[in-house]
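Participant: Listed below are the residues making up each chain.
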Amino acid sequence: MTAAIQVNQISFGYGPQKPVLRQIDFAVEPGTFLAVAGPNGAGKSTLIQIMAGILRPQSGAVLLEGRNLHSYGVREQAQRIALVRQEFVPAFGFSVIETVLMARTPYYGQWGFESQEDRDLVAKALELTDTARFASRALGSLSSGERQRVFIARALAQNTPILLLDEPTSFLDLKYQAGIYDLLKSIQADMAVTVIAVTHDINLASQYCDEALLLYPLTEDSSGSTDGSGPGRPAQFRIGRTAEIFAPEEIQRAFGVHVFSGRVGTERFILPLGARAKDANPPTLRT
Amino acid sequence: MQPLTPRILLFRTVVATVLLLAIMLACALVGPQDISLKAAVSGPRDGATPGLDYEILMRVRIPRVLLAAMVGAALASSGVVFQALLRNPLADPYILGISSGAGLGAILAVIGGLSWTLWGRSPIAVFAFLGALGTVWLVWGIGRITGKYQVTGLLLAGVVVNAFFSAMIMFLVSIAKGQQLYATIFWLMGNMAEEDLFVLWVGGGSILAGLVALFFLGPQLNIISVGHQDARSIGVPVERVELAAFAISAFITAVAVSLSGLIGFVGLIVPHAVRLLFGPDHRQLLPLSGLAGAMFLVVADTIARMVVAPAQLPVGVVTAMIGGPFFLFLLIRHSRKVYWPT
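Residue numbers (my numbering), protein chains in the order written: chain A, 1 to 287; chain B, 1 to 342.
A couple of the hints might just be wrong.
Covered stretches of chain B (chain A as the covering partner; in silico rule of three or more C-beta atoms under 8 angstroms from a C-beta of chain A) [claimed, not checked]:
| # | region |
| --- | --- |
| 1 | 214 to 226 |
| 2 | 269 to 280 |
Here are a few chain A residues that sit away from chain B, every Cβ distance over 12 angstroms (derived from the structure) [said to hold, decoys possible]:
| # | residue |
| --- | --- |
| 3 | Gln49 |
| 4 | Lys175 |
| 5 | Arg238 |
| 6 | Leu271 |
Computed footprint of chain B on chain A; a stretch qualifies when at least three of its residues, placed anywhere within it, have a C-beta under 8 angstroms from a C-beta of chain B [said to hold, decoys possible]:
| # | region |
| --- | --- |
| 7 | 93 to 106 |
| 8 | 111 to 120 |
| 9 | 187 to 195 |
Because the hints were derived from the structure by calculation, they are not lab data.
Keep in mind that this is a model prediction, so the values were computed, not measured.
No residue lacks a Cβ here, since even glycine has one placed at the ideal position from N, Cα and C.
Hey, can you work out the whole structure from these sequences and the hints?
Facilitator: Below, the structure is given as structure tokens:
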């Protein structure tokens, strides 16, 4: 089976002095729910922007259904990949349904209006995300969690096999975090959509995602020619089942913070403990 | 707000057009010299020489009202486009330097004492037009370099170029002679005069063509006003649409400015007022703002030629004096409905 998205030996930097990604290489099978995690500055958002075709890798390529992403036209790509960015309030007061309808813009008729098919897709997206009941309200009058569901509805109305999300639950409270992940899981399970989400929330990702990609920040040493380890230098990332990647030792190494870990049921949870935390020195580090 | 349907759009556009025509007719009949519509239309049929009323209506009032309508429509529509492209409700057609560029061109023409004409246009208009397009091209170029996906660079470039050219305008104004000064000040405040029909045809034709072209960019402008990357990721060719919308609105603004000087406030308050009343959908916002801008400027210009008759005020004084308080009223009353970008 061809991978939904294949990232082939990608490197990227903002200018020659600031390498961010080095030889990232992995494939995502169709229907997978993948979490992309890592410390600030490790290049998570850069990676998702490269996978969405917004940034071009300096070397390597992203293959979408086996074909180089940059050989796709803007519209052709938008029929395969939808992108949800961090929740925000747009400058102008569009309503929920107006916002979701925008996903259909490239398919409007010559007079700039949607077809019945567009309306059906939008109605379905509103229903799946449970946003239909406030469809006529302005985006700015919604809570953050409701607004994020609207942006996910807009992405669903694009009717794509792949959904990319850049920190979909940042700024959301606990209930909305769980709500968004439930929604993403049902999109993956019921619609066979490949979901790839950049996240800081390792615990929710452990509960919902199949696989995880952990990125480590590049340091001057590990990226430049002064790298002592030579050709055998460690890869900048690890990918695998969530349980394996989100192991406490891995997280401690990647984030450089002491963590406490336990099990909820089958899955682990990980809690960072700084030097001044009340339980800074727990009796045992259980794994 | 329910999504827009073609029927609602058509209905509102037709109603607004009828309203505009009624206002234009009423304003054409108002003036220091009383004229009657009946006398004016029956004039030329009676005898070989048309009556005075007919002459005034056809040669003075109607061209002037048409000019005001054209300029108002152009400024309001480009205001809509600039606000969408910059994702900033405080943007107006002058924010990227068109006004100061045009002003500098106009002043150079006045001070240079040029007296030739090009297709019936004075050097002031020609220089203003070129100054406007040159400046906006410069600002757009700087904005492209400073940040591909961020509008802040573009906005700052506009502010700085505006400030720099305004300083040059002030310098030239301070060394200008009396009569030159008077002409310059009137131009800078925005001023209408009776134009000949050829100018109206060319100016009106290009503005109308621009407005029609902008209407077809309406759906794309909706998503672009949400975000550059949002537009790209749903499949809109953002760079192309942005460049087209920007070029068209800069062009019609330059045409409007070269015809009437710097008339302020129309491009800011009309889009706002229409958005507050009818919602932010650009498919509707563009035609309705164009029509409302035309109505607003026709009325403002009628006031400008009436209040100190037989002398005239620069129409920019009227638009600012009506527009300022009206805008504050709208802002206070509806501020809870407007969502400012964070």
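Participant: Against chain B, does Arg238 (chain A) keep a CB gap of more than 12 angstroms to every residue?
Facilitator: Answer for Arg238 (chain A): holds, closest chain B Cβ roughly 28 angstroms.
Participant: Between the region 187 to 195 of chain A and chain B, see if three or more residues pass the 8 angstroms beta-carbon test, and mark the coverage as holds or violated.
Facilitator: Answer violated; 0 residues pass the 8 angstroms Cβ test.
Participant: Per the coverage rule (Cβ-Cβ under 8 angstroms, at least three residues), is the region 93 to 106 of chain A covered by chain B?
Facilitator: holds (count 11)
Participant: Can we trust that Lys175 (chain A) is non-interface, i.e. its beta-carbon lies farther than 12 angstroms from all of chain B?
Facilitator: holds (23 angstroms)
Participant: For the region 269 to 280 of chain B, do at least 3 residues have a Cβ located nearer than 8 angstroms to some Cβ of chain A?
Facilitator: Three-residue rule met by the region 269 to 280 of chain B, so holds; n is 3.
Participant: Under 8 angstroms between beta-carbons, do enough residues of the region 214 to 226 of chain B, three at least, approach chain A for the coverage claim to hold?
Facilitator: holds (count 9)
Participant: For the region 111 to 120 of chain A, do three or more residues have a beta carbon lying closer than 8 angstroms to a beta carbon of chain B?
Facilitator: holds (count 3)
Participant: For Leu271 (chain A), is the shortest CB-to-CB distance to chain B above 12 angstroms, so the non-interface label stands?
Facilitator: Leu271 (chain A) is indeed farther than 12 angstroms from all Cβ atoms of chain B, at 31 angstroms.
Participant: Please verify that the nearest CB of chain B lies beyond 12 angstroms from Gln49 (chain A)'s CB.
Facilitator: The assertion about Gln49 (chain A) is violated, with a minimum of 8 angstroms to chain B.
When held up to the earlier numbered hints, the structure conflicts with 3 and 9 and fits the remainder.
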